[in-house]
Amino acid sequence: MTLRIQGLTYRYGALFALDGVALDVKPGEIVGLLGPNGAGKSTLLRMVAGLQPPDAGTVHVDDVDLWRDPIAAKRRLGFASEHPEFYEELSAEQYLAFLAAVRGLDPQAAAGRARELFASLGLAGRTDEPVRGFSNGMRKKLSFLAAILHRPRLLLCDEALEGFDAPAALYARETLRALAAGGAAVLFSSHVTEAVERLCDRVVVLHRGRVVRTLARAEWGVPSPGLTTLERAFLELIGVPAAEVPA
Amino acid sequence: MLEHAPDLAAAFARLERSLLRRRWAAIEPVLRFEIAALVAFLCASLFWRMRLRLGSIAFAHGPWAAAADGALALAGGALCGARHALRLAPGSPAPPWLALPIPPVEIHRHLARTSQPLALWAAAPAVAILAAGVGIVPGVALLAFAGGFGIVLDRAARLGCAAAFGLALLRTEPHPGCDATTRVLAVAARPVRAARSGAARWRGDGAFAAFLRKDALLARRPGAARGRLVPPLVFGALSVLVWTAPIAPGAVSTVALALTLMAAAGVAGWIVALAASDPFPVVRSLPLGPGVVWGTRVTWAALGAVTLAAGQALGADLSPAPSATAPVAGTALVALAIGVLGANYAITLFPRADHAERILGIALAISITASLMIYYLGWALLLAALLHSARRLPRWARSEAA
Chain G
1 MTLRIQGLTY
11 RYGALFALDG
21 VALDVKPGEI
31 VGLLGPNGAG
41 KSTLLRMVAG
51 LQPPDAGTVH
61 VDDVDLWRDP
71 IAAKRRLGFA
81 SEHPEFYEEL
91 SAEQYLAFLA
101 AVRGLDPQAA
111 AGRARELFAS
121 LGLAGRTDEP
131 VRGFSNGMRK
141 KLSFLAAILH
151 RPRLLLCDEA
161 LEGFDAPAAL
171 YARETLRALA
181 AGGAAVLFSS
191 HVTEAVERLC
201 DRVVVLHRGR
211 VVRTLARAEW
221 GVPSPGLTTL
231 ERAFLELIGV
241 PAAEVPA
Chain R
248 MLEHAPDLAA
258 AFARLERSLL
268 RRRWAAIEPV
278 LRFEIAALVA
288 FLCASLFWRM
298 RLRLGSIAFA
308 HGPWAAAADG
318 ALALAGGALC
328 GARHALRLAP
338 GSPAPPWLAL
348 PIPPVEIHRH
358 LARTSQPLAL
368 WAAAPAVAIL
378 AAGVGIVPGV
388 ALLAFAGGFG
398 IVLDRAARLG
408 CAAAFGLALL
418 RTEPHPGCDA
428 TTRVLAVAAR
438 PVRAARSGAA
448 RWRGDGAFAA
458 FLRKDALLAR
468 RPGAARGRLV
478 PPLVFGALSV
488 LVWTAPIAPG
498 AVSTVALALT
508 LMAAAGVAGW
518 IVALAASDPF
528 PVVRSLPLGP
538 GVVWGTRVTW
548 AALGAVTLAA
558 GQALGADLSP
568 APSATAPVAG
578 TALVALAIGV
588 LGANYAITLF
598 PRADHAERIL
608 GIALAISITA
618 SLMIYYLGWA
628 LLLAALLHSA
638 RRLPRWARSE
648 AA
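Heads up: the protein sequence lines correspond to chains G and R, in order.
Residue 1 is where the first sequence starts when you use the working numbering, and the numbers rise one by one after that.
Residue 248 is where the second sequence starts when you use the working numbering, and the numbers rise one by one after that.
The shape of chain R in the complex, shown without the other chains (with noise of 0.2 Å):
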């Protein structure tokens, strides 16, 4: 029995705290502390950079930062806009709203407000722009510029968020008695059905050739591993196309050793999608030892590898220096110990691929920073987290989910 009118404004407010509180909650301590580096660079070095252009042209040339201002408040409400089309989308996750007897004004208000919060990443830039400008730009006009920023940053995400829900308006049809947000919120409960794939392929080749095939329809399907596959080709691709660049001759080679070092990370963080992929309970209760899953896993690691000390070898002949060569041999065998590492960290700790990605990319900044410093020293440390991830792999049988 209702016994009061429900403080609707309230309640949302209590769960969008909660709601905070838990996204917080989520991100561990060491992403925490990574996600705040990485924006302290990028607002240090867009600070460096504002502060010699600002410097560099004529005093009371604010508006350089205002119009940078203006255009992050923008991308910010743009990058709202889009996390609220995709709330409103066919097939979002969401509770049953419409179940709920609230008006549906309310509920799209309160799926605005969990989605504005996301302009506020364009606020620590921004911030660095203004500070860029202390001491250039007059004090009254950086406090002007701040208080206008706020007010557009607050706007565009609002406009943003309008702007998305015109979007889903456009996806839905006319309803005699059925306003417009009810419309645009049924469609998003609505789940998509997913397209179909071709016939299967019946094969008696075993495990280890049904691993790969499914690996690679995995690679092929719309998903976690294939994206993952995109940044090795960018960085592969890039690492060819440096050799016909107009790069001096000593560092050509030295670029495309870099982007191809970074297509071997890129290969062996998308074998660790693919053991990501892997269910627990399947993997665990078929009869399947560590040699077929790992040796699936090298195979695609070594495939890597040999398509990238290729394309070094393609590379060196586009390039206009008659005399340019590439390390074919050296790319090869250090792209193999890239993604050899890689499957050995998949799985001896699956069914933790964070934990195996972490370890993987804490390895190699290892190396490449010891390289940095002794030349051979990367390679040693390189080769030691190889062998010591391959003592673990015949643990694989008994280690657990927890």
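Chain G extracted, bound-state conformation (with noise of 0.2 Å):
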């Protein structure tokens, strides 16, 4: 099992945001974390991100223990946040290389991804320019773009593609899904129930707090393959042919 969580609990004063949560993710699959506003999807991400303690429960990367073993952990895990913060007065290319050298990847390497991932983002041109100047949509980009340059066993995706243009969002589900298949595991919470629909292996809801219910694939049955008519129509429009476009 890449993410083992149980009996995770956290208490803002007397409101339980998460309570009891207890949840698998398997090395290739693609879970969906669903939930109204207020659930704990954010608050249980940040805790398996390893940013706030929990208090009861534990949470295992690979069988290695977040909280009693953190660097190990980490090293497993990329966080693309709901809302992403870096160093703002850093190019994006300076904090990808600042990343790659905490990690310990081979810079040749990471550099050659990393201007590969910009350019299917459609960022490559701004690369050199302070964070602090992106839009809301590149910063998101880029945040994404940060969590997987490692190619990590465990991503956590806190609604970490609303804001992409389509071409970057179809390109970011088909990176998803060749991690995935590749054995990492993915932990996706999102509000739009179609990105979750057309992505997601198994969904887990989540409300006050608790699962309410884990829902497999075949409960929702198989989204229409490929394109819809408007995607096909939009991408035509901005001159990407739909062929290049992985469905």
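A few of these clues could be false.
Simulated restraints on C-beta separations [unchecked claim]: (1) G:107 to R:634: 34 to 42 Å; (2) R:542 to G:215: 46 to 54 Å; (3) G:12 to R:538: 30 to 38 Å; (4) R:450 to G:65: 25 to 33 Å; (5) G:112 to R:480: 55 to 63 Å; (6) G:112 to R:425: 28 to 36 Å; (7) G:12 to R:469: 46 to 54 Å.
These are calculated hints, taken from the structure and not from any lab test.
A quick note: this is a predicted structure, and the numbers were derived from the prediction, not measured.
Beta carbons are placed, not taken as given, at the ideal position from N, Cα and C, and that holds for glycine.
Mind assembling these two chains? They're in different frames, but the hints should get you there.
Given below as structure tokens:
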């Protein structure tokens, strides 16, 4: 099991943000996290990313206890935040070079992968500008890119694709599928049920800090394959041949 | 559906009152006290200076007070103008004003009205100057000065805002059917594209070197970290130059030490500013322990201490007094201790840099006060603060943002 969450509990005063949440994500699996505003999705992901210690419960990443051995656990994970924060004065490329060095990645390989990801997500040409000048969509793309640069064993996406333009969203979905096909586990939180429906193998529904239901893909059926008519029309209008875009 | 014409004046008045209340609430009580104490200190100092000046020259030298108050009113107006110019500069954070169905002139009036209260900063010292004239300058004249000051301050604030608007208008281009105010507000709302930096250096030399390189980059790029580097550089330079000043040989080393300590405190403040620039979700989700972060920040503290000590050695060499010597090793040790204290607080209180800065300031103030009473007590307190803050370092991984 790549991610094992057991009895995770967190309280804001008297209010239970998370109440004994238990959840597993297997290697190669993309698990969706659905829930209304305030259900505890972001709190859960922040705890799994090691940003916030729980009041009770454990998080294991590849059998490594996150709060007993945080460095070993964090080597294995990537986190794309809902509200990304950066070193605002650094350029996007300088920021990724810093992350690659801290994570001990091969500099040449990391630089090549970053260039490829920049181009695919539509950030090429803006990589030497300070992040402070980036739009919301560009910031979300950079956060996603930083989370997948090192090909993590566990990827946490907290509404990470919201704000992406259509080609970048399609590319990101394909990247997530490729990561999962390579054995990574993905925990994908979103308000957009359509994105979860298309992408995820399983959906965990969180409500008032509790897991109320787990749905297997068979329970919601198979979404129509390929691009929607609107997506196809939009891509043609912006000059991206639909045939080149992954379904 | 529009049922009645909106009362814009009342709506803007309500907004301005709410903004004022929000800004006041945003200043912490301790900070309010600190600001009030500083203003009181400044006013008291001004009061005595003016009192002496007015008393030493003949009676009816009220024009001195009037001139000083007039200058203060103009300074208040200039302050408003500067604030208003910043608000009208491209890329200023503001609501999408032009999307509202309001005449642009009303919007600009509102912006000017919220810039003008800044002029009130000039009122406190002006009152101190007028108070200095009580019993020396005739009461009627003082009342006239007070009234005149109020009028001049109001006019200066309006003039400052008008000048800022004029400058902003110069940045716009004529557009048919578009009035001057709309053009200025449209330019203010336009985002500014940041200057490009050089190509990134992709290196595989580990987390420690990456952190050091990143800190150095942040110190060079425009931002808070670069701004906080100015005080230690200025005080450091002064601590060297003071050796060449015409000061009694016995006093010069004391002044140089005081300046060096201020530079060391500046280095510690810069280290706290570096920690403040670390984005919490990024740093905490990286496979990093406190050792790397602490090590890099202490490296900067050590570099600062060595530079300041070397500056003292250079200053003593430059001194015209043949027997001038600087306590180089002692200076380095104290500067290092202050820098490491800054690093410890920055890391153990991360991401609350404001708390780190305040506790650092209190620790240093207590050490200095203790030093003035019993010389070695200050150093003992500094060492105690250093050890106490170091004990909390291993808890870094468990501390949280709340």
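Outcome of the hint check:
Between residue 107 of chain G and residue 634 of chain R the beta carbons are some 39 Å apart, a value that agrees with the proposed interval 34 to 42 Å. At about 48 Å, the CB distance of residue 542 of chain R to residue 215 of chain G agrees with the hint of 46 to 54 Å. Checked against the hint of 30 to 38 Å, the pair residue 12 of chain G and residue 538 of chain R passes, with Cβ atoms roughly 32 Å apart. For the pair residue 450 of chain R and residue 65 of chain G, the beta carbons lie near 32 Å from each other, so the given range of 25 to 33 Å is met.
Remark: the range hint 55 to 63 Å for residue 112 of chain G to residue 480 of chain R is contradicted by a beta-carbon distance near 39 Å. About 48 Å separates the C-beta atoms of residue 112 of chain G and residue 425 of chain R, a value inconsistent with the hinted range of 28 to 36 Å. At about 37 Å, the beta-carbon gap between residue 12 of chain G and residue 469 of chain R misses the expected band of 46 to 54 Å.
The structure fails to meet hints 5, 6 and 7 from the earlier list, while all remaining hints are met.
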